[in-house]
Amino acid sequence: MRDSHPPPVPGWIRPLLAWLLSGREADLALADLEELHRAWADALGREEADRRYLRQLRQYPIRLLAQRLGRLLRPPAPRPPDLRQALRSLVRAPGLSAAILLTLGIGIGGCTAIFAIVDVLYLRALPYPEQDRVFWIYTDAPPNRWPFSVVDFEALSRGRTSFGEIAAYTRGSATLVDARGAERIPTLRVTPGFFELLGVTPRSGRAPSPADAEAAAPATALVTLDFAGRRLGATRPNGSDAIGHTLRLDGELVEVAGVVPSDTGPLTSGVAVFPTLRLEPPARKGPFFLAVLGRLDEATEAGTAAAELRRLNDDLFPLWVDSYQDDRATWGMMSLPELLQGNVDRLLLVLMGAVALLLLIAATNATNLLLSRVIGRRQELAVRAALGASRGRILAHLFVESGILALGGVLVGLLVAQAAIAIMPTVADAYIPRLDEVSLSGPTLLLALALSAGCALLFGLVPLMRPSSHSGLEPTLRSGGRGASHGRADQRTQRLLVVSQLAVAVPLLVGAALLLSSFARLGRMDPGFEPEGLLSLRVGLPLATYPDPEGRKQFWDPLVDRVAALPGVLSVGLANARPGQVFQDSNNFDLEDRPTPPGQSQPSVPWIIAEHGFFETLRIPLVEGRWFDPADDLGAEPVVLVDRAWARRFFPDGSAVGRRMRSGGQTTGPWITVVGVVGDVPYSEAGQEGQGAVYMPDPRRGSTAPFLYVRTSGDPGGLVARIRTEIRRADPGLPLTDVASGEAVLHASLTRPRHLTTLLTAFAAVALALAVVGLYGVLAQTVQRRRPDIAIRLALGGSPRAVLSLVLGQGMTLVGVGIAAGLVVALALTRVLEGLLYEVSPRDPLILVGVTGLMLAVSAMACLLPGRRAVRVDPIEALRED
Amino acid sequence: MTRRGLGAFEQQVLLTILRLGGEAYSVPMVLEMEALSGREISQAAVYIALRRLEDKGMVSSRMDDDTDTGRERRYFRVNPSGLSLLRDSRRTMARFWEGLDPELGEQ
Chain A
1 MRDSHPPPVP GWIRPLLAWL LSGREADLAL ADLEELHRAW ADALGREEAD
51 RRYLRQLRQY PIRLLAQRLG RLLRPPAPRP PDLRQALRSL VRAPGLSAAI
101 LLTLGIGIGG CTAIFAIVDV LYLRALPYPE QDRVFWIYTD APPNRWPFSV
151 VDFEALSRGR TSFGEIAAYT RGSATLVDAR GAERIPTLRV TPGFFELLGV
201 TPRSGRAPSP ADAEAAAPAT ALVTLDFAGR RLGATRPNGS DAIGHTLRLD
251 GELVEVAGVV PSDTGPLTSG VAVFPTLRLE PPARKGPFFL AVLGRLDEAT
301 EAGTAAAELR RLNDDLFPLW VDSYQDDRAT WGMMSLPELL QGNVDRLLLV
351 LMGAVALLLL IAATNATNLL LSRVIGRRQE LAVRAALGAS RGRILAHLFV
401 ESGILALGGV LVGLLVAQAA IAIMPTVADA YIPRLDEVSL SGPTLLLALA
451 LSAGCALLFG LVPLMRPSSH SGLEPTLRSG GRGASHGRAD QRTQRLLVVS
501 QLAVAVPLLV GAALLLSSFA RLGRMDPGFE PEGLLSLRVG LPLATYPDPE
551 GRKQFWDPLV DRVAALPGVL SVGLANARPG QVFQDSNNFD LEDRPTPPGQ
601 SQPSVPWIIA EHGFFETLRI PLVEGRWFDP ADDLGAEPVV LVDRAWARRF
651 FPDGSAVGRR MRSGGQTTGP WITVVGVVGD VPYSEAGQEG QGAVYMPDPR
701 RGSTAPFLYV RTSGDPGGLV ARIRTEIRRA DPGLPLTDVA SGEAVLHASL
751 TRPRHLTTLL TAFAAVALAL AVVGLYGVLA QTVQRRRPDI AIRLALGGSP
801 RAVLSLVLGQ GMTLVGVGIA AGLVVALALT RVLEGLLYEV SPRDPLILVG
851 VTGLMLAVSA MACLLPGRRA VRVDPIEALR ED
Chain B
1 MTRRGLGAFE QQVLLTILRL GGEAYSVPMV LEMEALSGRE ISQAAVYIAL
51 RRLEDKGMVS SRMDDDTDTG RERRYFRVNP SGLSLLRDSR RTMARFWEGL
101 DPELGEQ
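Residue numbers (our numbering), protein chains in the order written: chain A, 1 to 882; chain B, 1 to 107.
In isolation and in its complexed conformation, chain A is listed as follows:
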């Protein structure tokens, strides 16, 4: 035993052991083995002792590794008692659990709802067979696209193309009169082949035939099964007893020829009546009103078909050059999915980004809250360990807790998503297409589950990823729950989490502030008319009853006089447009003084029909020139008014009055003269740059469904009933629609920006609240942990002010780092908002400074509370506790 030195330890053993055990335990193990070697040498001889010693040395790390591996492969399985325990400890902290569930729910629910829209618009196939081979064919004059004319449609139908099926439709509305009264309903007039092209088969009856489409053919229509049952009293499951019924549509008797399913896809959504389109033989190239669809033959490349379209247009152009000279315009095509997606990418991107950021904050916050719970419960856990709970069991317990929270988060999230989907159509129908199809589908549910699984992993694992040693929990018990080394690592993690929360909250706040500022500007924007005391409503005149302009004028003249004579009415006027509403009827034109150069597209602006009373009633000012006068209505020389934006756009340096132009691509015919310039009224969505507008006179003759505007001295609402009576007296079969006060008209034009702003502001507020709560929590904990330390400082004469600034300094350092990181992220992200902002730059320095200031102020409050508590620490009490 005296001289038996063991053989040298191989060089790789010690570091490996030190890594697997702690350094001290490794030394212990080696010393134990050395001692064993001496015992073996005495009993078995030197040789055998050396052999055993070396063998066991090598075995040591291998056995430890195998044991670790075994533990990894056999993760601590949560067992029922864990579940019960976990639930119990969650219920014991109801506020915290509720906060986590709610934030996760909002995050997961928001993401799920937005994804449900993306799913419908971009991922789910349309209900049309081989949707990618169906194309919308249009007149292409970049940047404008407009529909086909009858000439175009007939040329395309007769021409040689790779489109096996071609059909056209035109969207509109018609007045339906039956026993229930008069109602304005949306219609889709279709050519034969329309339903075949979309793969829709009538449930009963027949689809329109070419004979139905003759100009002189009796009027026919298809209706939906739902409409057949609701309005025509059909009771058979296929609606066949509705066939042969007649509808009074726009004063004309229309025979129901067939019944189609109630839901025929997004293109026809909301339409119940499909009259057959009867096309008059054209006398000139225009007007352009037909939406054309073509189904591409199999094995034809889209590029080939596009070239065929351009060639066909080139052949057609010279034949109609008398009435149409825009040689720049050609024919283009766009796939049906692309057409139906609409222009919502940016909007969805913003919403998606916002909810994703919110979810990130929610998950980070939940992680932080759970982490502080683990720290706060260290003593409890230590007691459990002392009572015999294995480390694995404690980890399993914590993990089950976070699992329950994540699962609860999904449930709350699905409720939130369901609620969001339910209210979406009423809130956002105007600017996101196909919302009625949005639902919690399979892929959407999968996403929700994946999101929550991700959250569970994040906040379940982070609190567990702490340096561990075998006896890690034991010293905690002794030192009253203030494990020194553990504490530091946890604090680091918590600080990191707080900084990331602040960093993520900044872009949301900046986005919300940008939208708010933009919205405020929109609200302050001069609408161009006086909304107070204004009433507007719409009256549609059926073409069959009022086929010619003179008949319409004879209807309007006495009616307008009688309305103007009602008590409280100051003025009355007609126009076919409503301010703040997108006006679809644009016209292209060529200026005499500034002709469009060959090879360029002619400018195109809203072309509105309005009479003098319209400007007077809306109080739109005359800037220059003169108003319309009655002689203009049927005058030999056509005249128009233009608005200021138009004058600025085309004649920035001189007067627009007296300028002449020709419209609709004509090169012959009379010149149209500008006789006056009026104030700007937007006919696009609020906040979009005005392109200028042209007003031509005589809506009483020229428009079939004009808006009637009335200016009153009192409350305009009280007049509606009396105006309705007057209209009934003139013609009892006329529906009165779109009744709105001036304020409502103004309000409606701001709907979209208001919704987006409200949403993002709400997100930002939640984000800020979460981030600040996280900050407060961490600081409060730090103060609690450092009570004795602070007590000593105070006892030794440290000033409360110094203690306060210590705590504040610590907190505000985190805040500073978080905000700085967040601003960098915000600058990168807010560029996507560019198209949604009005007169605000995405990098508006004032807003960046303002958001920084707001975050600093709110964060300072969050720091101040724990700081003041620190100052109030009673040294004697705090030290006695220890």
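Don't read these hints as lab results, they were simulated from the structure.
There's no promise every hint is true.
As the list claims (entries may be wrong) - Here's a subset of chain B near chain A, in silico, CB distances under 7 Å, partners left out:
#1 L31
#2 A44
#3 I48
#4 R74
In this text, a Cβ means the ideal position worked out from N, Cα and C, and glycines have one as well.
Place chain B on chain A using the hints.
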């Protein structure tokens, strides 16, 4: 290995501590187990078993200095729960062995 059950090796480790006077460190335990079993015992296996038993709360350990050499050793002692488990285990095994002497050919 079930939650409350003990492996044969773990039982041997616990029994060895008791044989060595209720508290022991790994070296005499390895030697005692080798003497009793008649084969080589891996020090690492004993160490791992001890730490596992400690995790389960069957044994507890403390560090102490050896009075002769002054080096540190980790001494293990069996906890009450370990003792009760050993008693359970012995009773259970005894029931299995009981009355089997004729079958085992032992008189």
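Do the hints match the structure? See the list:
1. L31: With a minimum Cβ separation of about 5 Å from chain A (threshold 7 Å), the hint on L31/B holds.
2. A44: Result: holds, 4 Å to nearest chain A Cβ.
3. I48: Nearest chain A Cβ about 5 Å off; hint holds.
4. R74: With Cβ-Cβ at 6 Å, under 7 Å, it holds.
Comparing the model with each numbered hint stated earlier shows that all of them hold.
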